[in-house]
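Protein chains: 2
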Amino acid sequence: MMSASEQAGLIHADDLTVGERYEFAHHTVTEQEMIDFASVWDPQLFHTDREVADKGQFGGLIASGLHTLSIYQRLAVTRVSGRWNVIAGRKIREAKFLRPVRPNDVLTGSMVIEEVSLDDRARGLVTTSAELVNGVGVAVLSVVSDVFVHSRPH
Amino acid sequence: MMSASEQAGLIHADDLTVGERYEFAHHTVTEQEMIDFASVWDPQLFHTDREVADKGQFGGLIASGLHTLSIYQRLAVTRVSGRWNVIAGRKIREAKFLRPVRPNDVLTGSMVIEEVSLDDRARGLVTTSAELVNGVGVAVLSVVSDVFVHSRPH
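Just so you know, the sequences run in chain order A and B. If you're matching positions, the first sequence starts at 1 in my numbering and goes up one per residue. If you're matching positions, the second sequence starts at 1001 in my numbering and goes up one per residue.
These are calculated hints, taken from the structure and not from any lab test. All C-beta atoms in this analysis are idealised placements derived from N, C-alpha and C, irrespective of residue type, glycine included. Please note that the accuracy of each hint is not assured.
Derived list of chain A stretches under chain B, where covered just means 3 residues or more per stretch with a C-beta under 8 Å from a C-beta of chain B [said to hold, decoys possible]: (1) 17-23; (2) 55-64; (3) 87-97; (4) 109-122; (5) 126-133.
When you get a sec, could you build the whole thing from the sequences and use the hints?
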């Protein structure tokens, strides 16, 4: 008899292949979304106040790094890891904010499976690396993270 | 004549002291906030669907790691780094999701300045480490990050 997760067609840790690469969909970062996100979670004026930001270091608003990371997570889940039988995220090994993200940037990117470590608790620790690029192909974010994924029931 | 940032009383990289420790305010994580955040940025059912989550690994909804990181950022900015003359975040060196964050958890924590590296471009790279704990004092998040902060004008 199939488990509920198999019925749902979810992918297990043992199904994942090191080196496998996935392309993300696109996400347009509107100015309103930038301001809305940062007003709650990262209320610094260069993220939330256009007039202040115009006179500042970057000559305009830039997205919160947390916002950019959240866009990465949304793109990863909707295209890739949403089909995995995930237990929970374990760690961000590193996230680099490489270049500013600005209003109306269209972000996309890709993710690669770097490592799958199966343990004796019916799960695997899956390490992925990913990059987001803007509309002119400039990398704005790199991120390496670890997530626990259920192993296939034996 | 004082610059605008000095008039605003902002703290510069050269004013920060390695080892300095700051206590955060508190943030209550409501179930609605958890679902609202994850529905947009991390749409996995154990973050967004109470019925599915109740039957799952954790016996109830758990917060997205991105949500927990965003709570950290809000607590850090409102109590600490919002008074610094920040240029922009550079990197999350590591973020560990130590324990599940659940509805109605009240999170707080503290942050320590680990390193200040002044460069010749009138800025300092400030490394901080921080931890968030829940209402019973259990650590749920540790995070080490680097942020560029303007140096005091000479």
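Results for each hint:
Interface restraint, the segment 17-23 of chain A with chain B: violated (0 residues with C-beta to C-beta distance below 8 Å; minimum three). Under a criterion of three residues with beta carbons nearer than 8 Å to beta carbons of chain B, the stated coverage of the segment 55-64 of chain A is upheld, 4 such residues being counted. Coverage of the segment 87-97 of chain A by chain B holds in this model, with 11 residues showing a Cβ closer than 8 Å to a Cβ of that chain against a need of three. Look at the segment 109-122 of chain A against chain B: 0 of its residues bring a Cβ nearer than 8 Å to a Cβ of that chain, fewer than three, so the hint is violated.
Given as covered by chain B, the segment 126-133 of chain A fails the check, having 0 residues with a CB less than 8 Å from a CB of that chain where 3 are the minimum.
Going down the numbered hints, you'll see the structure goes against 1, 4, 5, while the others check out.
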